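In full-length UniProt numbering, the protein residues as written are 1 to 397.
Simulated from the structure, these hints should not be mistaken for laboratory data.
Being a predicted model, the structure only gives us computed values, none of them experimental.
Beta carbons: idealized from backbone N, C-alpha and C, even for Gly.
Each hint should be verified, as a subset may be incorrect.
Computed spacing ranges between beta-carbons, pair by pair [what the hints assert, rightly or not]:
id, residue 1, residue 2, range
1, S78, K350, 21 to 29 Å
2, E152, G308, 50 to 58 Å
3, G308, S91, 20 to 28 Å
4, P58, S91, 43 to 51 Å
5, S246, H74, 45 to 53 Å
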Amino acid sequence: MPRYAVLPGHEYKAFIPYTKVFLVDPPKKSHIYLNATITGLRPNHITLSKSFPELGFPDATIPFDYAIYALGSHLPPSLDLWKDCTTYHGSKAEGCAWLQGKQKEVEGAPTVLVVGGGALGIQFATDIKCVYPEKKVTLLHSRLRLLPRFDEKMHDEILSTCKEIGIELILGERLDLDSIEEGSAKLNAQGQKVVRTVTGREIAADLLMLCTGQVPNTQLLKAMDPSVINESNHQVRVLRTLQLASAPAPVSETNAIADSMQELKVTESDSAPIVSITEPIIEEEKSPYPHIFAVGDAADAFGAIAAGHNAYSQAELAAKNIIKLIAQDSEPKSERQALDRYTAGPPAIKVSLGLRKSVYQLGPTIGVKTDGHDDLQAAAIWPFFGLKVEKDEDMRV
1 MPRYAVLPGH EYKAFIPYTK VFLVDPPKKS HIYLNATITG LRPNHITLSK
51 SFPELGFPDA TIPFDYAIYA LGSHLPPSLD LWKDCTTYHG SKAEGCAWLQ
101 GKQKEVEGAP TVLVVGGGAL GIQFATDIKC VYPEKKVTLL HSRLRLLPRF
151 DEKMHDEILS TCKEIGIELI LGERLDLDSI EEGSAKLNAQ GQKVVRTVTG
201 REIAADLLML CTGQVPNTQL LKAMDPSVIN ESNHQVRVLR TLQLASAPAP
251 VSETNAIADS MQELKVTESD SAPIVSITEP IIEEEKSPYP HIFAVGDAAD
301 AFGAIAAGHN AYSQAELAAK NIIKLIAQDS EPKSERQALD RYTAGPPAIK
351 VSLGLRKSVY QLGPTIGVKT DGHDDLQAAA IWPFFGLKVE KDEDMRV
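Hey, can you work out the whole structure from these sequences and the hints?
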């Protein structure tokens with residue numbers, strides 16, 4: 001998204017039609033693709049923004065036996081394509097127009113302040129500086145280290161590149177959100193927006209880009225059952241099987257006493273223990289909604305970072321588990337198959353540092369590449385959605 005919101009001429013490559021997502025041409029009658037917005041979710045049905053009588057759905061309610069919740073997350077308002085649903089309805093033309101509008105905003109701003117030193121902020125700042133080297137670009141980050149979840153060598157390489165191309169870095173300073181609230185915005189004599197950090201430092205820029213983290217799109221599940229949402233991060237609680245989980249039960253009094261007693265040290269001179277401590281019984285994990293799974297950015301998946309490769313592996317595991325459950329439903333007397341369990345893989349990320357350079361980490365390996373493409377090789381992704389691309393024009397559909 002950062003690249004297409006900065007560099008003109010490639011935005012149409014970002015929006016891939018789902019018309020052939022089932023990879024079967026012509027599609028089977030059992031495979032249905034609906035273009036609509038989900039307005040409500042219940043344990044066994046969803047409500048859509050419109051009905052599809054021609055496909056056997058005379059009203060806007062769609063029942064289901066199994067569901068995978070994969071609604072991802074959204075960006076801060078200034079970068080959220082879906083912020084205003086009255087002007088954006090999910091079409092490619094609307095999406096391209098929105099990105100073109102962002103490109104013009106960037107082009108017309110002599111100075112840019114990017115807030116947030118995660119992957120999104122780093123990519124925006126470096127892309128803007130490489131496409132428009134004459135602009136003053138400032139990157140403000142609340143921590144002293146960029147990408148703190150990854151190896152420090154990643155931080156070092158990003159820091160070095162930013163300094164090399166002329167990006168001003170302000171680390172260890174947090175933006176005071178009150179300074180950007182509507183009604184409290186401040187302008188200087190040049191007409192620039194003036195914001196301040198929590199320490200009182202003022203920063204002026206013509207364009208402010210908030211890259212302060214993504215918020216999971218879990219409102220539908222929260223409305224269905226608030227107990228499945230982890231309020232600390234707004235993600236969906238899941239079991240290792242990626243089935244929905246509810247809030248953990250309070251520790252029982254017996255186990256609490258046992259845990260406390262285990263902390264006591266008994267010396268060899270003690271004649272006998274006062275109490276016998278047994279291992280707490282671990283009950284089998286149970287889901288309140290074993291037929292509903294959550295994957296991707298929306299799922300609180302045991303430390304997995306919000307990234308496409310993790311969403312892919314989670315979706316694959318959830319699909320396999322649904323197939324197993326369907327098999328059990330069709331043959332209830334057959335031996336029960338254990339469901340697959342998810343474990344997050346090693347740290348993995350690739351961050352572009354301008355149009356050609358990128359830095360990556362895969363497990364313990366950190367490296368730098370200089371073979372970047374203007375459009376980030378978008379054509380390589382289209383075949384995953386059943387669409388063959390031989391030339392750029394093929395991506396205008």
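Checked hints:
Between S78 and K350, the C-beta spacing of about 25 Å keeps the proposed range 21 to 29 Å intact. Checked against the hint of 50 to 58 Å, the pair E152 and G308 fails, with Cβ atoms roughly 24 Å apart. Under the hint 20 to 28 Å, the C-beta atoms of G308 and S91, about 23 Å apart, fit the expected range. At about 25 Å, the CB distance of P58 to S91 disagrees with the hint of 43 to 51 Å.
Checked against the hint of 45 to 53 Å, the pair S246 and H74 fails, with Cβ atoms roughly 25 Å apart.
Of the hints listed earlier, those the structure fails to meet are numbers 2, 4, 5, in rising order.
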